[in-house]
Structures are given as structure tokens and as C-alpha cells.
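In order, the protein sequences belong to chains A and B.
Numbered by our numbering, the letters in the first sequence go through residues 1 to 585 in order.
Numbered by our numbering, the letters in the second sequence go through residues 1001 to 1279 in order.
Think of the hints as simulated: they come from the structure by calculation, not from any bench.
Ideal Cβ placement from N, Cα and C applies to all residues, glycine included.
Wrong hints could be hidden among the right ones.
As the list claims (entries may be wrong) - Among chain A residues calculated to face chain B with C-beta under 7 Å, some are:
#	residue
1	F124
2	L126
3	Q129
4	G132
5	L254
6	N430
7	S541
What the hints assert, rightly or not - Restraint ranges, calculated between C-beta atoms of paired labels, are given here:
#	chain 1	residue 1	chain 2	residue 2	range
8	B	P1090	A	G140	35 to 45 Å
9	B	T1192	A	V142	50 to 60 Å
10	A	I214	B	G1202	51 to 61 Å
11	B	T1002	A	L561	52 to 62 Å
12	B	K1238	A	P542	37 to 47 Å
13	A	P224	B	L1114	36 to 46 Å
14	A	P39	B	L1114	48 to 58 Å
As the list claims (entries may be wrong) - Heads up, simulated DSS-like pairs for lysine-lysine below, C-alpha to C-alpha not over 30 Å straight-line:
#	chain 1	residue 1	chain 2	residue 2
15	A	K538	B	K1226
16	A	K538	B	K1231
17	A	K48	B	K1231
18	A	K540	B	K1118
19	A	K48	B	K1126
20	A	K538	B	K1225
21	B	K1225	A	K540
22	B	K1081	A	K48
23	A	K103	A	K350
24	A	K103	A	K583
25	B	K1118	A	K538
26	A	K48	B	K1118
27	A	K538	B	K1238
28	A	K540	B	K1231
29	A	K538	B	K1200
30	B	K1081	B	K1067
31	B	K1118	A	K136
32	B	K1081	B	K1126
33	B	K1226	A	K136
34	B	K1219	B	K1238
35	A	K48	B	K1226
36	B	K1138	A	K540
37	B	K1200	A	K540
38	A	K136	B	K1273
39	B	K1067	A	K48
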Amino acid sequence: MKVRNYLGLFLIFSAALLLLFPELLLAATDSGDIVAGAPRPSRLDYPKIADINSRTLVWGLAQMHLFLAAFVLAVPLFAISMEFLGHLSGDERYDNMAYEFMKITMSAYSLTALFGGSLALGLFVLYPQLMGYLMKVFRGQVLVYALLFLLESVTLYLYYYSWKALRYGNAKWCHMSIGLVLNTVGLTLMFVANAWATFMMSPTGVDPTTGAVIGSVWDATRNPLWNPVNLHRFLANIAYGGAIVGGYAAYMFLAEKDKELKAHYDWMGYTSNFIAIAGFLPLPFAGYWLMAEIYSYSQQMGITAMGGILAWLFIIQAVLIGTIVLAANYYLWCGLMRTDRGAEYAKYVKYIAVVIVGGFLVWVTPNSLILTTEEIRQLGGTGHKFLGPLGIMPAKNTAVNLMLVFTFLSFQMFYRSSRIPTVSWARQGNMVIIALYVIGCANIVAAGIYGYLTPTVYKVGASVPQVVTTLSIIIISVTIDVFMLRGAKTTKVHWGRMPERSQYALFVLPVAFTWLMGLMGYIRSSLRTSWHVYTIMKDKSPEAYIPTIGEAGNTITIITLSFMAIMVFVFWLSRLGETRQEKPT
Amino acid sequence: MTFVRVMGFSLLILLVYTGFANILPQVQGDPPKEEEIDAGSLDMAGMVSLGQQLFSGKGTCTLCHNKRLRAPDLLALDLAKSFPQRLADPRYTGIAKSKEGAQAIGEYIHESMLDPSKYVVAGFGKKGSGDTISQMPKINLPPISLSPVEINAITAFLQDRAGLTPTIALPSASEAPAPSNDAGEEEEGPSTTAVAALEKFGCSSCHDLEGSEADIGPKLNGISKKLDDAKITEAIIKPNAEIAEGFEADTMPDDFGEQMRVSELNLIIDYLKNLPENP
């Protein structure tokens, strides 16, 4: 065996160890002196630097770090999937695309670290009491984090620079193992960071009255919201990475004149849009779990989110998700032009459009008319007021599920438009699929009506059959398609045969995703209301209030713009790397 | 050109989102504010109205107890009927079990706030607990943390709504809820000069400053000879940490730390440092 094979084995072994015993990382030595409770800072304990608004500064740094980190974690995740696909199918396009993206990640990586460092610095300088307390709670884990970060850097460089050297045969497997370790370490990093964020929302392992540390680091890590947030961020990262890559591909498609390259970027745009939507489809369900866990941890926190001032944010969220779904579908419909049989399917587009737009409208309609600020003020004094009911949940759930089902249908149509089934039972198979859709949709609507008629407490229960139906439609029809299209006659897909305007739909995705992530970050942090660590450590800083939606929106827009500027810079850098000046003669 | 078009398009989307966020109702979620209550002057009617305030205000009860039925809608229920039913319910095992009358119902309400799981109204328990665990937080603990007097006030309010004469004990002056730390902060911006800050916090009523010749506290002239910056800061925000010779502890207010802005504190320290020893 060659040296690199040993290396590969070692890395796989450590990855497996990490996966199997995450506690290994997180268990740290107890240092018995922690008897004092959480600090009770007064306003004076918050250093004020010039006229800087501490919260906005830290908010911006945290969000930028998160955007970059999401991108840097997501790209290797689908680089390795592409690599794997490419290796299995022998289609070099996958491998080339994966490599192209790793190249961009490399320049984004150092920026991620830079923002991470600034965030840590900002937190320690501006919120010394809070950070001191968190350090007490998480003790050695901070060091573990630093070590992981080191490991992440090493594996990332190794993965990228060995790409060409370990390209074929067994060497490729070795390379993919490095990728596996890279992703394992990356995800662990994220999980550790999530532990800190979720501890602040639902603290465990500390004494509930004083905040004194009584449990191990693992106890604090394993708080009730940790896993729901882990899953949610994991899926969102995939969707986000796909969306950004899609935006890049769209830009290159528009800028490129060369036919062959245009085809390449069109294909890249399609593939990354596929990844983005694949990560996106299960997100509402992950969000559901997260929300359910929040309710079960503290009904008060749950209601603050869904029925308090934050409730309006879910209307904005609906608008954002609506635009994402519309844009993705529009792109898919345009894509039908790429195949010769696409026109046969294009005639159904208008019906899908009606469902998607209709669902979108139901989703954004609040149940009661929009309350004025004055009315909201009168409802209570402290900011934990409840607003009028916000659209009826069953109607909204029905709309979301239908939108997801029809988005999937758009995919399926494109996929089928270049394949003619040759199996004898094709007709029956199609009938089954159609029946599946019809019955499924009827079931979703029926469950919605049932939910509408039952009392509030049981409404939530009605959404479970809806989710199950949506997932069943997707899983069963994919399974049928796999068998039915086996050995199908494939017709040519004319990559590059896309109208320019379709590419703009691909830009909607990263922009809307970035803004959406900013919004959700704001909601997540606001759920703690005026607490640094919910119920344990009060926030006495001058900014211990929940900003208005407008203020938050403006901040999120500014952060999004800065992030876009950075991404443009990163893309430009990676292109610069390829440009070579001719030697003057 | 492509670049400009793409960026313009992205900006447009961002503008739409931002605009949308700005046309929705704008409410700032302020941290709970403690109202200053003169407990000595509260009679029963005062307690009931305080309870009503707390119910929708600091107590955040209306967050859950409202017509959306996350919890029994206490403001709409006929409490005169429902409370006696709770006491008679065999599932109830609390202190007021099988008792009757205003006193018992008061105990039930009080207990509902401190130990909500003692009786869980059917259908409102934690999922999967079969109505044995309440979803309601303990009101005396964070994040709500009402004081005993405040909890009594709410009890009186709910007794009153059930058509009963409140039975709770009236608070004595010493039990009054802590006066607000944040009161008045909204109206008054931070002082911008040292003299204004000294004025605002009334330093010269005890110290000989700006020619006030007060002598409740020590002279501050030449203080920088005696104390360094850190010590001066401590003397202001934690006056009882070290007591100046010849003076008594607990005379100087110990809550300046809560009231002052950092900028004001800095102004005052600067000012005191530069006070000449012999004016």
C-alpha cells in the first residue's frame, strides 16, 4: 500500500470515531471551582466604544460569518456528492464542476475565518460578562473548537490540492475519503457552534435559578433545541450552497459568448438549482420540528415567535419562500425548452403556475386585516403582546404542501421530457403516478379542511398527514420513475438553449436565501427577548430590545449587500487566478 | 454590462424585501418595565387594578390566555362557574382540594401561578403527558419573575373577575415591588456635560461641588491624589465597597451604576479627576 492509502485509512478512522462518539470531543475536564452563578451585569458592564451600536456590530459580524461559513461548509458537501456521482457515472462534467467550486471556496475560507475572528473579538470586547459565563459553561470545548478548526483547514487544503493528483481509480476513493473527513469535521464545527447558540435559548446543565454550572459540557451541549437547529442548518446550508453556485453559473452563462461554455454553465445552473431545491424541500418540515421543540421547551417562547410581535416576520418569511419557489419553478419551466419533447409538457405549466401563485397568496394573507401600530400597542405593555390570528395555520400548511408537491412536479416533467419509457407497463405506470398526485392533493386539501374545523389545540395534528402525503408523493413517484425509465430512450438535452431571462430567476435564489437566513437569524435571537441566556442571564445592555421589523429589515439588507460584495470579490479573485498576462514581445 | 444588470436586478429584489419590512406594523419589543408602585398606599381596589395591569403587561398572561385558545381564556370564561368546578374535580390534588368559598378559590389561583401542574385544565397539558404536566410557566421564576406582591395582585384581580371579594393580604410598605431601574430613561437623553450630569444625579446635594458646600459626603476636591480612576469609578457605582474615613456606609445611593450611561460616568470621572485640590 502506498503512503496515501494509509493516510486515507487514518482519516476515515478518525472520521468514524468522531461520528460515533461526538461526546469525545465535547467532554471536557470539570474544573470544580465553578460554583458562582451567572453574572448579573448592570448597564455599566457593557463597554461603549465611541458611538458604535454594539449589538448591530456583533449582529453584522455574526451574520457575515454565518453566511460565509454556510457557503464554505456547503460547497465541500456537494463537491463530494458531485465527485461521487462523477466517479460512478464517468461523466467528467461533475468532477470539473466540483473542482471549480472548491477553487472558489478556498478564497472564501480565509474570509470566513477572518469574520469568525472578528466576531469572537467583538463579543469578548463588547459583551465580556456574557462571554465569561459561556466560557465557564463550555470550558474546554472552546479549545476543541480551535483544534477542529485547524483540522478543517488542513483537510480542506489537502482535499483541494490533491484533487488532480488523486484523480482516477483507487486514488479517487482515497481523495473522496479526505472529502469525507473534511465534511465530518466541518459539520462537527457547525454542531459545536450551534450548541452555544442553542444553549443561550434553552439552557441546560446549569442551575435554573442561579445559573451555576452543575452539569458537564455535554449536558449544556445537548440542550433541547440543539438537534433541531443542527438539522435545520444542515439542510439550509445545502440549499444555500446550491443557490449561490446557481447564481454564479447564471452570471457566467450571461457573460459567456462561447457556445460550449454556455452549455456548461447552463448545465451547472440546472444542477445547482436542483441541489438547492432538494435541500429546500424538506426545510419546512425541519422548521416544523424546530418549532415543535420550541413549544415543548417553553410554550411562552413558542407563542412569542408565532403569536407575538415576531409573528409578522413569518409573513415576510412567506413572501421570501414564495419568491424562491416561484423563481425555481419559473426556471424549470423555461428549462423545458431544452428538450425536443418539452413542449408536450409545457402546456401543463399554466396549471402548475395557478397552484403555486394561489398557494403563495394564501400563504401571505394574514387572517385578520393588518393591525395598526396603535392597536398593537394597546394589546399589551411589554412587547410580548399577541396579535390577531395570523392566517389560519391549516390553510397555510395546505398551501405550502401543495406548492412543494407542484415544484417537485416541475422537476419531474423536465426529467421525463428527455426520456421515453420503453417498458411495457409505461401507460399503467403513468396512470398510477397521476392517481398518486390526484389522491395526494385531495388528501392534503381534506386534511387542511379537517384542521380548519377542529379546535386550535388539535390543528397542529392535522398537518402531520399532510407532510406524510407530500413526502409519499415524492418518494413513490421517484421510485416508479426509476423503474419505468430504466433503459428508456433518451433524447438529446440541448444545454445552453435557455432564454436569458431564465437566468435571472437563478439570481433570485441566492439573494432571497441570504435575506431569508438573515431574517431567521434575527427571529432566532429575538426569541430570547431581553435575555442573553434565556431565564438565566438578563441582557442589561442598552440594546436589550427587539428591534422593529423595519429596523431589522434595513440591517439585514445592509448585511446582505456586504455579503454580496464579498462574494463578487471572491468570484473575481478566482477568475483572476486563471488570467495570465501575455509576455510582452 | 451583464454585471450592472445583474447587480441592479439583485438590488431591486432587496429593495422590495426591505420596503415590505418597512410597511408592516412597526413595534419595538422593549424589555419588561417595572412600574413604580407605592405599596403603602394600595388598598384592595388598587391591588385589583394593579393585577389587571400586570395580567396584560409584565405578567404576559395574555400572551397565552387569550381567545386563540393556547390556554383557557381567563378573560372570557365565566370564572364564577369554572373555578368552583376545578376545586371539585377529582383530578385536582392541590391545597384547596374540595374546599369552597372565596378564600379557597384565591388559594387555587395563587397555586395555579406557582405550581401550575397541580391542576391541568383538560386539553391544555403538555403533549403526551395526558394533561398531567402544565404548559404554563411558574410565574415566580424567570423569565416572568413576578414578586409575591404582584402575584397577590393578580390573584385579587382574578378573584374579582370571578365575582368574589378578594381575600389576599395587603402589602406592607417594605414589600413593595422594586422601583424601576429604567423609569424615565426614555424621556431623558444622556447628559452631555459633566456639570449637567452632576446636576442630574444630585451629587452636589451631598458633596461640596459647584459651590454647594454640602457636607453629607466627603469633599471631592483633589480626589485624584487619593483615588485612581478605577477607585473613583468604584466609589460611584459601588459606594459601599470602600467607605471614606469618617463617613457612614449606605448613605450614598448605590444604584448610580444602573442609572448612568457610560458616557455620563466618564464625564463625571474626568471632571472629578481635574478638580483642583484647593478651589
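Looking at the structure, which of the earlier hints fail to hold? 1, 2, 3, 4, 6, 7, 8, 9, 10, 11, 12, 13, 14, 15, 18, 19, 20, 21, 22, 23, 26, 31, 33, 38 and 39
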